[in-house]
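With the hints as a guide, bring the two chains together.
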Amino acid sequence: GENVEQHPSTLSVQEGDSAVIKCTYSDSASNYFPWYKQELGKGPQLIIDIRSNVGEKKDQRIAVTLNKTAKHFSLHITETQPEDSAVYFCAASISGVGNQFYFGTGTSLTVIP
Amino acid sequence: EAEVAQSPRYKITEKSQAVAFWCDPISGHATLYWYRQILGQGPELLVQFQDESVVDDSQLPKDRFSAERLKGVDSTLKIQPAELGDSAMYLCASSIPGDSPLHFGNGTRLTVT
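So the protein sequences, as listed, match chains A and B. Numbering-wise, the working numbering puts 70 at position 70 of the first sequence, and it's gapless, one number per residue. Numbering-wise, the working numbering puts 59 at position 59 of the second sequence, and it's gapless, one number per residue.
Next comes chain B alone, as it looks inside the complex (with noise of 0.2 angstroms):
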């Protein structure tokens, strides 16, 4: 079956420095999604993409988050300066549009120090 890829799995950054994550969703999958997961609470959106363009960013802290999906098909999410509080569990996730299912990738895990 085929799956949403993101990496890295783990990473660890210092407060003030820079980070990103990458995903691959899966193949034909037109919609993309970020969604950020706190420990204990359910995923929450930052960012959605319909093939290349954004359709939803008003989550997104664009201080310093952003995010791209230049072809179409993998996506970047930048965080920079990463902050204490932006440890969590970043995940991806495709759909095709209509009544359609998110499928999620296994998110990456961020810690901040």
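Chain A extracted, bound-state conformation (with noise of 0.2 angstroms):
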């Protein structure tokens, strides 16, 4: 089955700064990629998705590429503000096939005022 792998586990960065999260999956008919946050006591939410189609989508602060050949996608957030420190999943799905979802381990961000 499909494997996902989320890096860094953790990232702290200074308010007004980027971070970068990134992601590889395993098989290459995965082609739905979305990015959840999840703040504490709470269940994940969709923050951005992107389709096998694009290589990159953007939304405000938030921003996601796709390389398909190299089999990976990075979650971009700039002007990172305290409310943005949350869990960060990444996760792969093959349309179709039951849109099963494969999740990374998650990154912990912390923004620093």
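Read the hints as simulated data drawn from the structure, not as lab findings. The C-beta atom is built at its ideal place from N, Cα and C for all residues, glycine as well. Hints may be right or wrong, so weigh each one.
Quick list of the computed label-pair ranges, beta carbon to beta carbon [unchecked claim]:
(1) A:Gln-81 / B:Thr-111: 24 to 34 angstroms
(2) B:Pro-81 / A:Glu-79: 44 to 54 angstroms
(3) A:Ile-112 / B:Glu-68: 30 to 40 angstroms
(4) A:Ser-9 / B:Ile-12: 23 to 33 angstroms
Next comes the structure, spelled out in structure tokens:
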């Protein structure tokens, strides 16, 4: 099955700096890649997603890039704010195969004011 | 915005007791998932339903775990008997078929003593 690896496991940045989280996947059939933000005591919430026919997607301070050849995708957060502090998960999915999602192990982001 | 409802939010039980968790997905979402999330790790799929049918329960410890979605709407996950290693967050998610994201509830935090 699909294997998703995520790095780093922890990340601390100064407020206003950028944060980058990277994920790799193993199954070239994966074609949908969502990113989730999980705050303490809550379920993961979707923040951005990208499909395999797109190389980059941006939504305000958040962007995701996808390199299908290398089988890796990254989350970029610019102008970080303290409220960005949370655990971030990447996921990979193969559309049409029961929509199964495979998650990375998470990155704990701390934005220092 | 519609949400996935889960109850209870917290559950403390003694080992060998039975516990049950309930999930009400977003209206119209045919696919329902139960995930287990151990602290510091990503969600791991336990069972996936398409309407009332089980699509994947390969990772469900069937000697003690059971799940049902009798009318294809809400779902119940049961553990009997609970073991210390079952302490985790149990997340329910729902989605529509295709390249669509999972929508998670806020989970049930289970502590087995």
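Hint-by-hint comparison with the structure:
Roughly 33 angstroms separates the CB atoms of Gln-81 (chain A) and Thr-111 (chain B), a value that falls within the hinted 24 to 34 angstroms. Range check, Pro-81 (chain B) to Glu-79 (chain A): Cβ separation about 50 angstroms, and the 44 to 54 angstroms hint holds. For the pair Ile-112 (chain A) and Glu-68 (chain B), the supplied restraint of 30 to 40 angstroms is violated, since their beta-carbon distance comes to about 46 angstroms. Take Ser-9 (chain A) and Ile-12 (chain B): their Cβ atoms lie about 29 angstroms apart, and the range 23 to 33 angstroms holds.
Hint compliance for this structure: hint 3 is the single one not met.
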